[in-house]
Structures are given as structure tokens and as C-alpha cells.
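When you line the sequence shown up against the numbering used here, it's residues 2 to 123, in that order.
Wrong hints could be hidden among the right ones.
[As the list claims (entries may be wrong)] What follows is a list of derived Cβ distance ranges for each label pair:
| hint | residue 1 | residue 2 | range |
| --- | --- | --- | --- |
| 1 | 74 | 8 | 18 to 24 Å |
| 2 | 93 | 66 | 30 to 36 Å |
| 3 | 75 | 102 | 27 to 33 Å |
| 4 | 45 | 95 | 17 to 23 Å |
| 5 | 69 | 39 | 21 to 27 Å |
| 6 | 49 | 70 | 32 to 38 Å |
No wet-lab data here; the hints were simulated from the structure.
Heads up, the beta-carbon is just placed ideally off N, CA and C, and yes, glycines get one too.
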Amino acid sequence: LDTVADDLRFESMGRTLDKSAFGAMLRALYTGFPDWRYDHDAPAPENGWWYVLWRQSGTHDGVFAMPGLDPIAPTGRHVRIPPQRFYYRIDGARIGVIRPDPVEGGAPRGILEQIGVAAPPL
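Please take these sequences and the hints and turn them into a complete structure.
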């Protein structure tokens with residue numbers, strides 16, 4: 002979390018997370034999916050933002066306790082998120098805003114769907 006501003010805004014699916022909630026979301030992800038990995042293209046500018054095309058995947062081998070949801074016991078299911086652009090607004094030397102592009106099956110809803118959460122309440 003050293004690269005994000007103290008007043009970070011993570012804007013996704015009609016919700017905005019602050020730095021603390023964003024950190025809690027990442028901790029839940031890495032605990033629930035210990036082998037979570039990222040592959041990405043080079044960052045590129047677009048209309049005053051920077052974006053990165055991410056490909057993400059991992060295996061649900063730990064308890065996934067996403068803030069605001071009941072903990073989900075390990076399923077052993079492998080999750081693969083379709084390529085998804087994340088847009089970044091840079092404030093000085095830190096990331097001030099993160100905004101994932103909404104894509105079918107994208108994070109975070111796609112993670113829940115792939116591990117069998119019938120109707121993700123996001």
C-alpha cells in the first residue's frame with residue numbers, strides 16, 4: 002500500500018473504498034487465494050488517466066473473508082478473471098484513484114461467481 006495515497010479512492014461497482022478498506026480487500030484476496038497472480042501489459046495513458054490491462058488468477062485454497070461478506074470456506078476452485086483494464090489517477094508520486102473497467106466476469110464479482118457464490122451481493 003506504499004504506492005497509494007492516504008486519501009485513495011477505489012471506485013468499483015457503485016462503491017468507493019478508502020485506503021483502509023482497499024487494504025482489507027487485498028488481504029482477504031491473498032488469504033483466500035494464496036497463489037493469486039497478476040500478469041499485465043505495460044501501462045498506457047488515456048484521457049488524463051493511466052491504465053493497465055490485467056489478467057488475474059488463483060486457487061481458492063484459503064478462507065475468503067471479503068469485508069462485508071460472510072467468510073467463504075476454501076473450495077479448491079481455480080479462478081481466472083478475463084482481461085480487465087484498471088484505470089489509475091496519479092496524484093504526485095502516488096495513486097489517488099483506482100477504477101476497474103466493468104467487464105463481464107471481472108473482479109470482484111467474477112471471483113465470487115467462480116467459487117460458487119450464487120448471487121454476489123455487490
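Check your understanding: So which hints don't hold here, by number, going up?
Key -> 1
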